[in-house]
Amino acid sequence: MTTTKIDIALNLLNQQLNQPLTAALEVCARCGICAEACHYYVAEPKVEHIPAARAESLRKVYRSEHDLLSRLFPSWTGAERLTEEKLAEWADIAFNKCTLCYRCTINCPMGLDTPLLMTSLRAIATATGNAPEVLEMLADAAIEKGKDPEIYLGFYKESIKDMEVELQELTGNPDASIPLQKQGAKKLYVALAGAHTILPVAAIFETVGEDWTLSIFEAANYGIFLGDASRAKAIARRIVDEAKSLGVEEIVISECGHAYYVMRWVAPNWFGDEFTFRVRSIVEVLAEYVQDGKLKLDPSANSEPITYHDSCNLGRKGGILAEPRVVLQAVTNDFRELTPNREEAYCCGGGAGLVALPEAYDLRMMAGKPKADQVKRSGAQVVVAACENCRLQLGDLSGYYGLGIGVTALTDLVVKAMRLPGNQKTVEHIMTLETANSGEHDNAEVWGSTDLVSLPSTKGDRSEPKSNV
Amino acid sequence: MSFSLLSQILVFLALIFTVFAFGRKLKIYAQLARPVDRAKPKGDLQKGVLYAYTLGMAPWSKESTRLHALAYLRGVAFHVGIFLGLAILVASPWLGEMPQYVRNILGFVIAAGALLGLLGFVARFLEHNLKALSNADDYFAVLIVGLFLAAEALWLFFPAARVLFYLVSAAMLVYAPLGKIRHCIYFAYSRLFYGRFIGSRAVLPHSQQNAR
Ligand code: SF4
Ligand code: SF4
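Line by line, the protein sequences are chains A and B.
Numbering-wise, the first sequence is residues 95 to 563 according to the working numbering.
Numbering-wise, the second sequence is residues 1433 to 1644 according to the working numbering.
Hint data in this document are derived by calculation from the structure and do not stem from the laboratory.
Incorrect hints may appear among the rest.
The list that follows gives simulated cross-link-like pairs (lysine-lysine, DSSO-like), each with its CA atoms no further than 30 Å apart [said to hold, decoys possible]:
hint, chain 1, residue 1, chain 2, residue 2
1, A, LYS276, B, LYS1474
2, B, LYS1472, A, LYS338
3, A, LYS388, A, LYS140
4, B, LYS1474, A, LYS180
5, B, LYS1472, A, LYS276
6, A, LYS388, B, LYS1563
7, A, LYS154, B, LYS1459
8, B, LYS1474, A, LYS280
9, A, LYS180, A, LYS276
10, B, LYS1472, A, LYS327
11, A, LYS327, B, LYS1474
Source: prediction; values computed, not measured.
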């Protein structure tokens, strides 16, 4: 007997049926009040954009498999058998129509975890060959790189050497360095591909005299977007092993929502006792420096009206809500909140891997409309986002809706407010880079590349690829 | 055997069936894996759970319930009516001696619950999104529960309506574990998981606090 995609999907669904998933499948009252919680619905008020309607697609099949009344009278409960067409519909819903933002959950009177259902659908889509190829490719590439980092290490070290020259210019300290593979360092900083997530942080660490080392791996984890625990775990494993072998006290994740989410909240469940270090986002570390008075910051250095976009993975799903505001209050005199914000913030519309799918451009421009409207209403000229994914999306939204805003990372503002000797030039380059992300382009390249998001050199020419392995 | 006695036996059997069926469902549910979260909490787990069951249910605590305050309050009041109605049903054999004015007060409360249920039923027909989300089970569930409350109110006002009250109650009780009404047994779990999530991650009720 051949195993069909339907069998694979149903088996996987059954395997996943634990208490939280079953509760999410059973508890919906179909009251519909979660509609406006979803940015897709706010942008385009259609029934299909109601979170409960999305989840209903899975529930219909669940009922036909697990509910007596539905097996006897399927039309009474709207139960449906799983078909190949439905599998394709599930993949579309899970990857394109939901950014796993958790906003519907905090708005549901039942606390119903719709993103959990959507993650289950992602896992099923991946297992049945219906997941977006780009995400699979990026995940597999990361795993491959992790298998033999030596191949890339020489090249990477060269890139870091070049970056150190920039760091020395920026800080005015000829001895400033970017430590790699430093045994016994306190912090292991895991950046994203590209100098823009390394150089500002290196400058900050250098200034406060932090005992740190840079990871040879990048923080991004495409396995989690696929709902594929084994691939996500393999990607996280590289960093866990590195942290263990260096004996660090903590892993600090770059300004990246999903990377923080995976390492902080998911990975400890995969690695158990191996997880002997703590995990923090660089945003938490920055807030600590500010509160401890370790950084001298001049808020007048950032004179434009600035607002902050709460990344779902950091904020609503990670509790990093107060920390960015602590930092922002210290680096600008004109900080304005978006409304709503914090745990009620709207998703940017490009989360959960959507920003990496070239074919999803129109969709995420539509889904990002509530965010674009919020930004416009705030009157801010600069939007800060502590997540690369969000920054790419916000840059695209700015181009699409003619917002004319700058999009930047929190660390960039901090560096600017530090008024370092080489500050002006470097920060201008960073801002140029961040605002360059507007208009239609292939963000999969940006996400997956080793050089596209490199910081332009302070010497005027573009830096060599600044890839983490 | 009189109709009255028959209806009493019927409702008693229905009650046993419901308790047994829900008990079985809960037993099966309890056997499912409950993932242990080994990530070190950032916030306070207990605070999150407490919030999920208390203030987090307040109409002002969420954007959705602020936007749909009337519908939400209607739903909450309807459910309060249901639980009171069930308590009265269970106690009904001993309520015969109650003074009529007490019965009338209870009757008005339960009738209000029935009316709110009926309004919910009509809303499902009239409101575009609700209608699109609903299946026959959704309509029937709210209808049968509404009828149960209406029959109970009638019996409270007019004790002679006991047979009707028990027959409708028996029908509702038998249907409860089979159809959508069973979502009630998962409510506590869903809020628990939600509370643990927002609590351990310091999302709520911590969000307005300082970083430290
Ligand atoms: S608010 Fe919750 S219970 Fe109501 S329809 Fe949405 S998911 Fe279902
Ligand atoms: S998780 Fe976010 S995107 Fe997905 S259905 Fe809920 S509100 Fe919409």
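Tested hints:
1. A:LYS276 / B:LYS1474: holds, 28 Å
2. B:LYS1472 / A:LYS338: Distance of about 18 Å is within 30 Å: holds.
3. A:LYS388 / A:LYS140: violated, 50 Å
4. B:LYS1474 / A:LYS180: violated, 39 Å
5. B:LYS1472 / A:LYS276: With a Cα-Cα distance of about 26 Å, the restraint between LYS1472 (chain B) and LYS276 (chain A) holds, given a limit of 30 Å.
6. A:LYS388 / B:LYS1563: Measuring from Cα to Cα gives roughly 58 Å; hence the hint is violated.
7. A:LYS154 / B:LYS1459: holds, 23 Å
8. B:LYS1474 / A:LYS280: holds, 20 Å
9. A:LYS180 / A:LYS276: violated, 51 Å
10. B:LYS1472 / A:LYS327: holds, 18 Å
11. A:LYS327 / B:LYS1474: Measuring from Cα to Cα gives roughly 22 Å; hence the hint holds.
Violated hints for the displayed structure, listed by number in ascending order: 3, 4, 6 and 9.
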